[in-house]
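Residue numbers (the working numbering), protein chains in the order written: chain W, 267 to 900; chain D, 960 to 1034.
Not one of these hints is a red herring.
Distance ranges between label pairs, derived from CB positions:
#	chain 1	residue 1	chain 2	residue 2	range
1	W	853	D	985	55 to 65 Å
2	D	972	W	772	45 to 55 Å
3	W	674	D	1022	45 to 55 Å
4	D	1006	W	371	24 to 34 Å
5	D	985	W	323	20 to 30 Å
Where chain W lies over chain D, by a calculated footprint (3+ residues, C-beta under 8 Å):
#	region
6	972 to 981
7	1011 to 1023
Since the hints were derived computationally from the structure, they do not count as laboratory data. Glycine included, C-beta positions come from ideal geometry on N, C-alpha and C.
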Amino acid sequence: MTGASGSERLVESGPATLVELHREGRLVREYPGVRQLLAGASDAELARAGQLLARLDPGEVAAEHPAVPVVTVAVTGHGTLAPLLPPLTVELARHGLLLRPRLGDFDAYVFDLADPCGELYRADLALCVLDPMVVFDEVPVPWGPEDVERVARERIGTLAGLVARFVESARGTLVLNTLPLPRRFAAQLVDHRSRARLGVVWREANARLLRLAEEHDRVVVLDLDPPAGEGVPVVEPRLSQYTRTHLSPALLAAYAREIGHLARHRAGQGKKALVLDLDGTLWGGILGEDGPDGIEIGADGTHRGGAHHAFQRVVGQLASQGVLLAAVSKNDPEPVGEVLRGHPGMFLREDDFVRVVANWRPKHDNLTELAEALNLGVDSFVFVDDSPYECGLVRHELPGVAVVPVSGEPALHIEALLRDGWFDAPELTREDVTRVAQYRDELVRKDFLDSFDSLEEYLRQLRVEVQLVEAGPAEVARLSQLALRTNQFNQTTLRLGPAEVRALLDDPAARVLAVRAADRFGDNGVVGAVFTHRRGDTVHIDNFLLSCRVFSRGIEQTALCAVLRHARAHGARAVRANHRATPKNTKVKDFYPRNGFAPVTDDGTTVTYEHGLEVLPVPPAHVHFTEIPGDDGS
Amino acid sequence: MNSIDDFLILLRDDLGLPVTGADVGAGLDRVPGWDSVHLLSLLALLERTTGRALPLVEALEAGSLEEIYALAVAS
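Throw the hints in and build the complete structure from the sequences for me.
And the structure:
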């Protein structure tokens, strides 16, 4: 948005401002501000915004705003799918992304999945939208459960074959979905025994679909039972009958929301930390006024205390999967510490948090400092607060933070937190599960750093160990995660899904090196990756990644020196590397030149550097390095 | 929605169609930016706005925006 007055307006009525921008023909120009305009919009407002945004030409938006990440989404399926485009457009826009849609022909999914030259194979996300009519269009009348079983088996068998072919050569992620069973079919069977049998047959078909996600790591199967179970209508009978739109607009909107989460992850914008307010959010009441014995928290049977306790359990569940927890609260630190350490009603404990910030400063300042301390971008934070004032202020001051407002009704906190799948990821890695401990170690390291006068002495005492190993299947998930999530030390922002990493492992011309690190405070695990390939006598570094947790300890120089040394030892004459500038990776802009590389070409966004391998840089003395296999060290 | 002007505002502000009064009587194929998806969006929008079910078959077969408006406001 331009100008403070616009920003203030949008906090009050973002969607209305969006309509004004549309009227004034300024939506393309103001596209980067749309994300903020949509924060907190209702479903109806999102539907309306989707209609307006879907009219924009993505090419024009991309040309005017090259920094906005573009996600190409190809859509195919069984019925009429054009109505999916407005909700998809707005769901991506909500996350600061730009949708480049590619809509296939009506009912062309078999053809599209089988056509390696088609759009589906080139898209970042390939959506194959399935609906109950995939099966029921083929079922004769009269029919019984056995007819449904036969058709479903055939259809899903065909689909499974197509999916196997697709994942062999397509570049992106394929999204399928389960088939909801509308009542209109079950109710056509008048006896309960047949109806139950239909339920079995149908669920087996859906289980087969869901298993495709277990068989192929580049396939996601969205389960549509949960939204249907919450009352989202599956079918709008008139639209289904007259226009072949077999999933209701509300279900398509729910589907699009899930795609938005996937696109966000794919664009490297997944959230990493959950920052919680305390009074009214984690417990009921006001600690400063009610005292530790007066706050509402606990599984002891009180209504509100129980609701807050249930919310804490959900937060704990997220944390167990690698989400970092922090608390930021306007309170005095002592009573907060007392409650977190000793209150019998608390589910979460002080140890569950990487940091608890209790003071009277503005929350956005605390969030900014917390991000610095954790070496994370503040836009990887999700912030939950029950105060509309605090939520509005954080939204205004830190537009990248995902703000989850909760109400005075604690039983609704869980739905509010989970509504947007902020932390969704295709799969978990070992590093995820130990992340909280890793970050706590990190804060201990910072305290340790503060006890030294010189950085060199600190680094020497830290006893950093670096290992560079040829990656194997065990590292695939973690390396893909680094490629998808790392933004700061990411030289090219080349995003790789697990299958893409695996393909590189299988490519004889390519090398994938995993960087492992440890120090006196513990093992950091796999913290980085170097992707290279060799062409003739030149080694190309396709990308170099390092987790933001371990910057500036000499790990990056050590790994780079090893790659150079290895290249020279194996007869290479030069090593080339690219740096593609993004808004987030300015920190590593000079990494290659600082280590003896000279620029060769520069097209405005990507600079190609070359190292002639005559004089190799000297790795930092404080780092203990374990050579890569096959490196003779010469 | 009380008048054809309200209908035009809805077309412009909710569907993003650059239509004017001159377009409402024209054949749908001559409405700027129009395609069949707009029709589905428009019908859903009219039902939401008026709170009443449209006769969908007639609406799908309508030849102009004016005819759709007439269906939406018919008592």
